[in-house]
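Going down the list, the protein sequences come from chains A and B. Just so we're aligned: the first sequence equals residues 1 to 367 in the working numbering. Just so we're aligned: the second sequence equals residues 1 to 367 in the working numbering.
Among the hints, a few may not be true.
Examples of chain A residues toward chain B, derived with CB under 7 Å [claimed, not checked]:
(1) Ala39
(2) Ile158
(3) Phe161
(4) Glu228
(5) Ala231
(6) Trp232
(7) Lys330
(8) Ala332
(9) Ala334
Simulated from the structure, these hints should not be mistaken for lab results. Values in this document were obtained by computation on a predicted structure and should not be read as measured data. The C-beta atom is built at its ideal place from N, Cα and C for all residues, glycine as well.
Protein chains: 2
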Amino acid sequence: MNANIQNVPITLGDRSYSIGIGTGLIEDPQTYAAAPKAATALVVTNTTVAPLYAERLIRALSARYPSVHTVVLPDGEGHKTWQTLNLIFDALLGHGCDRKTVLYALGGGVVGDMTGFAAASYMRGVPFVQVPTTLLAQVDSSVGGKTGINHPLGKNMIGAFYQPQLVVCDLDTLKTLPAGELSAGLAEVIKYGPIADPAFLDWIEVNMDALMARDPVALAYAVKRCCEIKAWVVGQDERESGLRAILNFGHTFGHAIEAGLGYGEWLHGEAVGCGMVMAARLSQRLGLVDEAFVQRLALLTARAGLPVKAPVLDAVDNAGRYLALMRVDKKAEAGEIRFVVIDGVGKAALRGAPDALVREVIDACCA
Amino acid sequence: MNANIQNVPITLGDRSYSIGIGTGLIEDPQTYAAAPKAATALVVTNTTVAPLYAERLIRALSARYPSVHTVVLPDGEGHKTWQTLNLIFDALLGHGCDRKTVLYALGGGVVGDMTGFAAASYMRGVPFVQVPTTLLAQVDSSVGGKTGINHPLGKNMIGAFYQPQLVVCDLDTLKTLPAGELSAGLAEVIKYGPIADPAFLDWIEVNMDALMARDPVALAYAVKRCCEIKAWVVGQDERESGLRAILNFGHTFGHAIEAGLGYGEWLHGEAVGCGMVMAARLSQRLGLVDEAFVQRLALLTARAGLPVKAPVLDAVDNAGRYLALMRVDKKAEAGEIRFVVIDGVGKAALRGAPDALVREVIDACCA
């Protein structure tokens, strides 16, 4: 047993699993003791992560699987497409992988989402393990079972709810993370404060400098606390029929930014960071929080190295473009956009808002 | 309530639903009373079925959904691909369909499989209704929740287990079915005898002429009995971890025929018909059934207008080609092909067989 590991249990009936958080995990064969045995494992990774960690993972897995194959995908949100997904299916079929083959997702959120959807769909479902190597993936994609790909007309439009057998968050991988990726992950860390845990928001404010300096103790606590909060939310609403939607705080505006600029232009976390400030502003205009909260969240977001000024998506009708993009959000119903708003720090709610008010918020945030 | 309707309940916990079997169902708005309400429905059909039934279905649905859209796919197994599946996603997103939109699959097995997979994957899951218009789809695809598409390296390799909200088997649609399609459906009807119900096998032998003549009473009984048997099997093993695999009797050889000749060359049911005779021959060589059973099944298959002589897939090493194709079957494990064999009429089993014996069977069936 590795002494450097903490476990967060995710309780979802017969789809329960455990998240291991610690250092030195990837290269330790013991890390994978809870993963299913099989004749074959397929490691799915990308061109950026492969040279850093693939060999260590493959060596550790070789103790468990007679045959370990690898497929290396192009890196980036712009590649979260059918075409890239098919590279995984090509590898699975090319290597004669069967129903018991275990997929290992080694990389960030894009690799995790695509590998998870491939696992959900290959032969109608094979087991998979997440080995997230970005902060964003560790705090966000590790829990919840959301998998999928983008469609030219909308983000994450095609996918499945599908749970991994195990998640391995090796904090060592955060040492090599580019600064922008660290900030993007911190956007999702910050998110958990306003929606669920005022004390955690306080903690983040106190520890933001340590997090930005990649202090391992601070990062370990942040990852663990985010996973716990998300597990608590998902445990009550696995398939997002209600409560779970609060995890999308900042994402409705954020998705519009990503789609409007073209996927990959801003990092997902950057768009979410800016989107949270926009959603906070909307909450304030709806009378749910005060101006001080908006300022507090904007300051914290900026300290995390994230953009707080929204981009102009259309020179002629900018707010109209935002609205059009948000209407295809998955939370929208019959064309009405449903926003995650903050109804007092630590409490989120889902509600609509008049177009005119949303336009004002967009104009204010882009100015 | 429609007097011409019989219902077969499918009991799968919170995924339970009902199959309605009868005449005059498509155009009757009452038929859809159990389907979920929503702002939008999308009818997915193909170029062959659309001119025959789409208008009637759309008219009936217009009473229930303010907005009913249609997408017409190219017809045929050769189109059961990513590319065609994407036409459904394009339509869903193009029409701004949300998470409550109900998909209606109007057509045969290919339309049903693709619509089901699109429903499973669109926004990670929207409801869908099956309106199968071929005998094969009515007796086979209506129950079990198997959805998916083909990959160039294997049939049905990418998909999901996903249950419909309702299945509507309108027997009137069988009147317009081409003769080859009727025969293809009868292959799946025959299948249920040897694997599960000796009395039903006797009934099919007595009623084969009536079935071939499209006698509505005989067809209604056949559809109902097949759905009942399949429901009994699937109810015990929804995700095919064991028993359910017996439903693939004839399919291992059949899939090799389809893949080897190129999808669409033989109808799926034709390949299954011939595949059943091959699997019966294998069962006999394994000492599980006698020669008389093989002859009996071959005769019945031939009476249904189905091929009983297997095609040559490779001029140089025909049996080797069959074996290679069967090794990528989803039932294969670590390269060992697992065949559904008949272990006495009415009882199926899953087992491996020595390559040499399988080669003899293939040679005998192709001769």
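Structure-based check of all given hints:
Against a cut-off of 7 Å between C-beta atoms, the interface hint on Ala39/A holds, since the closest Cβ of chain B lies about 4 Å away. Taking 7 Å as the C-beta cut-off, the interface hint given for Ile158/A holds, the closest approach to chain B being about 5 Å. For Phe161/A, the suggested interface contact is upheld, since its CB lies about 5 Å from the closest CB of chain B, less than 7 Å. Given the 7 Å rule on beta carbons, the hint for Glu228/A is violated: about 24 Å separates it from the nearest Cβ of chain B.
Violation of the interface hint for Ala231/A is found here, the shortest Cβ-Cβ separation to chain B being roughly 19 Å, above the 7 Å cut-off. For Trp232/A, the suggested interface contact is broken, since its CB lies about 21 Å from the closest CB of chain B, more than 7 Å. The criterion of a C-beta within 7 Å of any C-beta in chain B is met by Lys330/A, whose closest approach is roughly 5 Å, and the hint holds. Hint status for Ala332/A: holds, given a least beta-carbon distance of 6 Å to chain B, under 7 Å.
At about 4 Å, the closest approach between the beta carbon of Ala334/A and any beta carbon in chain B falls short of 7 Å, and the interface hint on this residue holds.
Checked against the numbered hints given earlier, the structure breaks hints 4, 5 and 6 and satisfies all the rest.
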